[in-house]
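Asks: If you read the sequences in order, they're chains D and L. If you read the first sequence in the working numbering, its first letter stands for residue 37, the second for the next number, and so on. If you read the second sequence in the working numbering, its first letter stands for residue 37, the second for the next number, and so on.
Just so you know, not all the hints are guaranteed correct.
Within a straight-line C-alpha distance of at most 16 angstroms, the following computed EDC-like cross-link-like pairs (lysine to aspartate or glutamate) qualify [unchecked claim]:
no., chain 1, residue 1, chain 2, residue 2
1, D, K161, L, E226
2, L, K159, D, D123
3, D, K159, L, D123
4, D, K104, D, D168
5, L, K121, D, E118
Distance ranges between label pairs, derived from CB positions [said to hold, decoys possible]:
no., chain 1, residue 1, chain 2, residue 2, range
6, L, G200, D, V43, 37 to 47 angstroms
7, D, Y146, L, Q264, 50 to 60 angstroms
8, D, D123, L, E140, 23 to 33 angstroms
9, L, T151, D, D272, 57 to 67 angstroms
10, L, Q264, D, I44, 46 to 56 angstroms
11, L, E262, D, D123, 25 to 35 angstroms
12, L, E226, D, D272, 52 to 62 angstroms
13, L, E226, D, A138, 46 to 56 angstroms
14, D, G120, L, D123, 13 to 23 angstroms
15, D, G120, L, P278, 26 to 36 angstroms
16, L, V43, D, Y146, 17 to 27 angstroms
17, D, G186, L, E140, 20 to 30 angstroms
The set of hints was computed from the structure by calculation and includes no laboratory data. Glycine is no exception: its CB is placed at the ideal position from the N, C-alpha and C atoms.
2 protein chains.
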Amino acid sequence: MNDKPSVIRETDDEARRLARVLVRAARYVALAVIDPDTGFPYVSRVLVATDSDGAPAILVSNLSAHTKALSADTRCSLLAGEPGKGDPLAHPRISVQCVAEAVERDSDVYKRLRTRFITRHPKSKLYIDFPDFRFYRLVPQGASLNGGFGKAYILPAEDLMITGYSETDFAGREEEALQELVVRVPDIAERLAGQLGGLSPKKWRICGLDAAGIDLISGDSALRWEFQHPVRRLEDVYLGLPN
Amino acid sequence: MNDKPSVIRETDDEARRLARVLVRAARYVALAVIDPDTGFPYVSRVLVATDSDGAPAILVSNLSAHTKALSADTRCSLLAGEPGKGDPLAHPRISVQCVAEAVERDSDVYKRLRTRFITRHPKSKLYIDFPDFRFYRLVPQGASLNGGFGKAYILPAEDLMITGYSETDFAGREEEALQELVVRVPDIAERLAGQLGGLSPKKWRICGLDAAGIDLISGDSALRWEFQHPVRRLEDVYLGLPN
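Here chain D stands alone, though its shape is the one from the complex (with noise of 0.2 angstroms):
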């Protein structure tokens, strides 16, 4: 919505960062979109992934309703960020709103998101080459965040895009280079965890990597770990590790 109204706070670093993770650190959201035949909004729950870009991807079958509405208009929502222990409305969450864009098969973009979204969701092998599935990025418009009772923030679409990936020296070889990460560090994806305060049952991996972070999954559990600035070589992300 464009109106701010004073229960908005000031947009600060904190609230950035907290955006960025509650989108790229989402196994799943609520996303909304128009159906064609009645004008209603119609919100379902998808998997999501993270594109280097930052852009949320979701992957979707041509027979889902979420499929058609977004053939007819490109404009929807998505919830992401799930409520822990208590009051639901005390956790955070973000409402970002996107423009879908749909991605050609075998196209370099279709090949990223589809070694991504794998590494993310193991058990999408099963159905995600088959020929009526496609994936759309959600390009973010805007988003509106709310930390919690009280803190209400407002952010531009550019606060959740990741810029400079292609420029990095593992664009393009991402598998390989998490390879070399455990390779070096072979804790890295439970000392991250734990740096995060990550519980989880079953061990912690690395699935993803892009010029901002690094993604961490577990069992039903996924996390985010931001980097401290943005980086150009797998050399800088040793350097930003926690000890």
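Take the given structure of chain D and dock chain L to it, following the hints.
Replies: Chain L only, in chain D's frame:
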């Protein structure tokens, strides 16, 4: 969506029961509205309770983006049903298209909803009477149920509505009726929760009664006990209790 691809199953009583329980056991939902400024969908999280006729009801601030949107366009959609362990898409959820009805303060509906909302969300007592808060009833127009992979159903609005509340002998005296139930069957909440497989570290309590069932709550968990048949007398509730 109005078209019905072949992947949609025929709706049976089990699907109808699942749909009702998902909506009526929800403590919160993702609510999608249409942003009046941009035409984009906008999805955010709201607490929810069910009115005696089955319509979900939300308590929202006039300052919130969804309230402004609903004032301009009453069409909305909610997503109920939270994932548990494992694949998020294996867990049942329901998307309900609704028309929002603003509830007048000091109306009978308002009084009923205020009571139902507070018994379900005790902390809402802190702000429910603030002058900028209001109730909306989200009157179902139709729904899509996804019971897990390959289990998709389309439901008409009437499958989610509850009829005959005003003819029950507990209409307008629901709190009293709940107390009577507990006096006559002191372990009623634990007994119903046990039958429903409800696990919670805290004690269960009954927090809602209508012609179609009983709502239960315990800390962060909520359950819905659906009667075998709709009831008209409190006496019928006892007769239908599990042993």
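Asks: Hint by hint, say whether it matches the structure.
Replies: Cross-check of the supplied hints:
1. Simply put, D:K161 and L:E226 have alpha-carbon atoms about 42 angstroms apart, too far for the 16 angstroms limit, and the pair is violated.
2. Restraint check: the Cα-Cα separation between L:K159 and D:D123 comes to about 8 angstroms, which is no more than 16 angstroms; the hinted pair holds.
3. About 8 angstroms separates the Cα atoms of D:K159 and L:D123, which keeps this hinted pair within 16 angstroms; it holds.
4. Our distance criterion of 16 angstroms between C-alpha atoms is met by D:K104 and D:D168, whose separation comes to about 12 angstroms.
5. Of the pairs offered as hints, the one joining L:K121 and D:E118 holds, with about 13 angstroms between alpha carbons and a cut-off of 16 angstroms not exceeded.
6. Checked against the hint of 37 to 47 angstroms, the pair L:G200 and D:V43 passes, with Cβ atoms roughly 42 angstroms apart.
7. In this structure, D:Y146 and L:Q264 meet the distance hint of 50 to 60 angstroms, their C-beta atoms being roughly 51 angstroms apart.
8. Taking 23 to 33 angstroms as the suggested C-beta distance range, the pair D:D123 and L:E140 conforms, at roughly 27 angstroms.
9. At roughly 59 angstroms, the beta-carbon separation of L:T151 and D:D272 lies within the given 57 to 67 angstroms, and the hint holds.
10. At roughly 49 angstroms, the beta-carbon separation of L:Q264 and D:I44 lies within the given 46 to 56 angstroms, and the hint holds.
11. L:E262 and D:D123 have their C-beta atoms about 27 angstroms apart, which keeps the hinted 25 to 35 angstroms range intact.
12. Checked against the hint of 52 to 62 angstroms, the C-beta distance between L:E226 and D:D272 comes to roughly 57 angstroms, which is consistent with it.
13. Hint check: L:E226 to D:A138, Cβ distance near 52 angstroms, so the stated range 46 to 56 angstroms holds.
14. Between D:G120 and L:D123 the Cβ separation comes to about 20 angstroms, which falls inside the hinted range of 13 to 23 angstroms.
15. Here the CB-CB span from D:G120 to L:P278 is close to 32 angstroms, well matched to the stated 26 to 36 angstroms.
16. Take L:V43 and D:Y146: their Cβ atoms lie about 24 angstroms apart, and the range 17 to 27 angstroms holds.
17. As the Cβ distance of D:G186 to L:E140 is approximately 28 angstroms, the hint placing it in 20 to 30 angstroms holds.
The structure shown violates just one earlier hint, number 1.
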